[in-house]
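In this note's numbering, the protein residues as written are 1 to 281.
No lab work stands behind these hints: they were computed from the structure.
For clarity, every value in this text was computed on a predicted model and none was experimentally measured.
The C-beta atom is built at its ideal place from N, Cα and C for all residues, glycine as well.
Please note that the accuracy of each hint is not assured.
[To be verified] So the derived label-pair ranges between C-beta atoms look like this:
(1) S128 with G175: 22 to 32 Å
(2) P13 with H232: 47 to 57 Å
(3) R58 with E117: 15 to 25 Å
(4) S128 with G220: 37 to 47 Å
[To be verified] Straight-line C-alpha distance at most 25 Å; calculated SDA-like pairs for lysine to any residue:
(5) K197 with R159
(6) K197 with Y227
(7) K238 with V250
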Amino acid sequence: MDIAVPRRSNRLPGISMAGFRLRVPAPVDITMVAHPAVTLLIELGEGDGIVCDTSDRRERGSVVIGLMPGELRAGGGVGECLQIRLEPDVAAAALGASPELSGTMAPLADVWGRDAERVEDRLRAAASWDERFTIAADVLGRRLDARSPVDPEVAHAWRRTLTSRGLVRVDSLAGEVGWSRKRLWSRFGSQLGTSPKRLARLVRFDHAAHLLAAGHAAAGVATESGYVDQSHLHREVKAFTGLTPSAVAVAPWLAIDDIAWPASLPTRNPATAGNRIPNLC
1 MDIAVPRRSN RLPGISMAGF RLRVPAPVDI TMVAHPAVTL LIELGEGDGI
51 VCDTSDRRER GSVVIGLMPG ELRAGGGVGE CLQIRLEPDV AAAALGASPE
101 LSGTMAPLAD VWGRDAERVE DRLRAAASWD ERFTIAADVL GRRLDARSPV
151 DPEVAHAWRR TLTSRGLVRV DSLAGEVGWS RKRLWSRFGS QLGTSPKRLA
201 RLVRFDHAAH LLAAGHAAAG VATESGYVDQ SHLHREVKAF TGLTPSAVAV
251 APWLAIDDIA WPASLPTRNP ATAGNRIPNL C
């Protein structure tokens, strides 16, 4: 797999992008799990294209994937794909609606209408990944400029949840923005499609999963990530992935993250520093 990442000039707050090129002779399956972002998978290859499966839905081609509560499999053969991760507050504006962001998957055309096909055509015609990232950043930037953002209180609460790695309490968030707990809960639901507690669990799990993949021991990960004990970590990892912490530590879906999404990842344990896929782009 070849991986491309955008130059700093093509980066927007709350949005990260990576380009992937599969160079295999036969279709492959890639397992993905819950992540605290809404994901756009834009199919840029020829032939049958990407097929995405959840427990109750299958879609072919470009899709929008919500805050995933469980496992998703993406399959395909030789081809290219642009993956865009939108933080929840950014997604609510960029997608042009107040979507239910938890556990959904829908064709990009259902969300963006005719714009989806035009964007796909422009991206396919681009001569390089740099040009593709520039096009995607321009499209998303214009959509964000044209739509109302979420309430600043909701945006602040999300940002605090992210920077605290899911450890800030909901009562504290409500106090920081001058709202009641009930009002904060309601606004999260109407604007982000999920609850502050659910988002905090997801952020905390994501940090723990990457610590495990970086080679840190489960007991230490449980302590650093704010779980009551190692059994608590085990239950949360099992709930989000269906796997044990030891299985998550070597899961293929985390093996490329230090190349594709390096900005928010924890420091890798030196003992496992060589276990990475080279960036071939």
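Against the structure, test the hints numbered earlier, and report the numbers of the ones violated in rising order. 1 and 2
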